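Protein sequences appear in the order of chains A and B. Going by the numbering used here, 276 is the number at position 276 of the first sequence; the sequence numbering is gapless. Adding 381 to a residue's 1-based position in the second sequence gives its number in the numbering used here.
Worth flagging that the hints you see were computed from the coordinates, not collected in a lab. The hints are all genuine.
Just a sample of chain A residues kept apart from chain B, beta carbon distances all over 10 Å, derived:
# : residue
1 : Gln136
2 : Phe241
3 : Asn321
4 : Ala349
5 : Pro375
Which bits of chain B does chain A cover? Going by a derived footprint, with three or more residues having C-beta under 8 Å, they are:
# : segment
6 : 457-471
7 : 506-519
This structure is a prediction, so every number in the text was calculated from the model and none was measured. Beta carbons are placed, not taken as given, at the ideal position from N, Cα and C, and that holds for glycine.
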Amino acid sequence: MMRLTPFAVLFILACAPPPKPTELLTFERIQRDANAQSIREAFPDLAKEADRAYAKALEAREDGDHEDVLHFTRLAAITWRTAAIGAEVNDARRAETAAKQALADAQGRLKHAQQRIGSATAAMARQKRMMAMAKQLADAEARGRAQREAAAAKAAVQTAIKQLKIAEGLNAASYAPGPFNKAQASMAMAMDALQANRFGDAESAANFVLADAKAAETAARPMYEFEEKKRNMAAKLNALFGQLNQIGGSEARIEARGAVITLRGLFAPGKSAVLDESLGSVHRIGGIAKEFKEFRIIIEGHTDNRGKSAKNLALSETRANAVKGHIAETGVPTAQLSVLGKGDYEPIADNSSRSGRAKNRRVEVVFLRPTLTPPKPAAAQ
Amino acid sequence: MTRLLLLLLACLCASPALAKNEGRRLNKLSKMAQELAARDTGRQAAPELAVAQTWLGEARVFHKQEEEDLLAQTLQRLEVQLRLVGVILERAEAAASTQKAELEAQRVEALATKTREDAFRAERELAELEAKAKQEAAP
Numbered sequence: 001m002m003r004l005t006p007f008a009v010l011f012i013l014a015c016a017p018p019p020k021p022t023e024l025l026t027f028e029r030i031q032r033d034a035n036a037q038s039i040r041e042a043f044p045d046l047a048k049e050a051d052r053a054y055a056k057a058l059e060a061r062e063d064g065d066h067e068d069v070l071h072f073t074r075l076a077a078i079t080w081r082t083a084a085i086g087a088e089v090n091d092a093r094r095a096e097t098a099a100k101q102a103l104a105d106a107q108g109r110l111k112h113a114q115q116r117i118g119s120a121t122a123a124m125a126r127q128k129r130m131m132a133m134a135k136q137l138a139d140a141e142a143r144g145r146a147q148r149e150a151a152a153a154k155a156a157v158q159t160a161i162k163q164l165k166i167a168e169g170l171n172a173a174s175y176a177p178g179p180f181n182k183a184q185a186s187m188a189m190a191m192d193a194l195q196a197n198r199f200g201d202a203e204s205a206a207n208f209v210l211a212d213a214k215a216a217e218t219a220a221r222p223m224y225e226f227e228e229k230k231r232n233m234a235a236k237l238n239a240l241f242g243q244l245n246q247i248g249g250s251e252a253r254i255e256a257r258g259a260v261i262t263l264r265g266l267f268a269p270g271k272s273a274v275l276d277e278s279l280g281s282v283h284r285i286g287g288i289a290k291e292f293k294e295f296r297i298i299i300e301g302h303t304d305n306r307g308k309s310a311k312n313l314a315l316s317e318t319r320a321n322a323v324k325g326h327i328a329e330t331g332v333p334t335a336q337l338s339v340l341g342k343g344d345y346e347p348i349a350d351n352s353s354r355s356g357r358a359k360n361r362r363v364e365v366v367f368l369r370p371t372l373t374p375p376k377p378a379a380a381q
Numbered sequence: 382m383t384r385l386l387l388l389l390l391a392c393l394c395a396s397p398a399l400a401k402n403e404g405r406r407l408n409k410l411s412k413m414a415q416e417l418a419a420r421d422t423g424r425q426a427a428p429e430l431a432v433a434q435t436w437l438g439e440a441r442v443f444h445k446q447e448e449e450d451l452l453a454q455t456l457q458r459l460e461v462q463l464r465l466v467g468v469i470l471e472r473a474e475a476a477a478s479t480q481k482a483e484l485e486a487q488r489v490e491a492l493a494t495k496t497r498e499d500a501f502r503a504e505r506e507l508a509e510l511e512a513k514a515k516q517e518a519a520p
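Work out the full structure: start from the sequences and follow the hints.
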C-alpha cells in the first residue's frame, strides 16, 4: 500500500489542471482594480473583447494548449490596457477641454481688459482734445482781453494826452504847476507801461493823468483867461491909442488909467462953445468911443490960472460938458461919458508964460482902462 | 478617439476578409506601424512599438514560411498591439495639447492681468483728467 502512495500522488497531480500562467494571473488581478468598472463603462466593446479573449484563454487552458493560453491572455491584456488608456485619453481630452475653456476665459478677460483700455484711452484722448480746445479758447479770450485792454489803454492815454495838451495850452505849467507836474509824471508812467504791454497799469496811469490834467485845466483856466483879457485889453488900448493919435491938433498918450487925448484951441477965450473948426476932432473922438464901448470916458476940462479959480473951475466944467454934448451927438451913450471940471488945479506947464498958459488950457478925454479882477491865487493851486 | 476606434473596429470587421490574403493584411499593418512610429515623436509608445516591431518581424517570417496559423495569431496580436499604440499616442497628444492650452491660458491670463492693471491705470488717469477739466471749468 505504502508503495502505491507515490503513484497515487503522481496520478492526482497528473489529473489536476496545470497552474495558471503569470500573464493570466496578472490579467485577473488588473481586472479586479478599483477603476475596472469605470473602464468597462467607458469602453464596453473593448472590455467585452478582452473578456472574450480571456474566456478563450481559459478554454485553451482547459484544453491544455499553452500557446493559445498565452496568445489569448496577451490579447486580453492588450485589449484591456487599450481600454484603460482609452479612459485616460478621455480624461486627457476633458483636461484639454478644460484648459481650452480656461484659455477662452482668459482670452475673454483679456479682451474685456483691452476694451476697457480702449474705451479709457479713447475717453482720455477726447478729454485731452477738449482740454486743448478749452485752453485754445482761454488763450483766444486772453488775447482778445489783452487786445481790448490795449485798445482801452491806448484810448485812455490818447484822451489823457489831449487833456494834457489843453492844460499845457492854458499854461498850466505856470498857473497850476502842482497838478500839471503830477499829470506829466503820470503820463511818463503811462507811456512806459504801454511800451511794456502793461495795459492795465497804462490805463490806470492815464486815468491819473486825465484827472490831474483836468484839475490843472480847472486851476489854470481863470488865470489864463485873466491874462488873456489883460493881453486883449492892452491890444485894444494900443489900437485905441493908434486911432486917437491920428486925430490932428491933439496929443495922445497911454497912461496907467488908460488912453488920453489932449485937445487945445477948442474954445474962444472965456467961451464954452466948441469952435466949428474943432468939431471934427471931437466928432472923430465920438466915432472912436462908439467903437471901443468897453472904455468909460471922462472928459476933463482944464484952464490956466488967470482969473478966479472958482470961475475957472465952472468954466472948465461947462467946456467939458460942451465936449460931452458933441461926443454924444455921434451916438455915444451918455452913460459911457462922464465930465470933470478941474479948473486950474492941474497945470501941466508954467502959467507965467504965454505958451505955458496955452498948454494948460485944454480938454483931456480919458478912455479909462477897464478894471480886470484877477482870480484868487488859491484857486490856481 | 471615436474616429480611431471606428477605424480599428472596421479593421477588426475586415479581418475575416483579409484572412484570405494575410500578405495584404501584413502590409497594411506594416504601414500602420510605420505611421504610428512617425507620430511617436516624443517616444511615449516606444516600448509598445518595439513589441509591435518584434511581432511584425515574426509575422514576416511566418509569412515567408507560410505558417498560416502562426501568421494569423501574430497578425491578430500585432493588430491589437498597434491599436494600443494608437491609443497611447492619442493620450500623449491630448496631454500635449492640454499642456499647450494650459500654458497658453497661463500666458493669456498673465497678459489679461497686466492689461487689467493697465486699464485700471488708464481709467484712473482718465478720472484725474476729468477732475482737472472739471476744476478748470469751474468759475
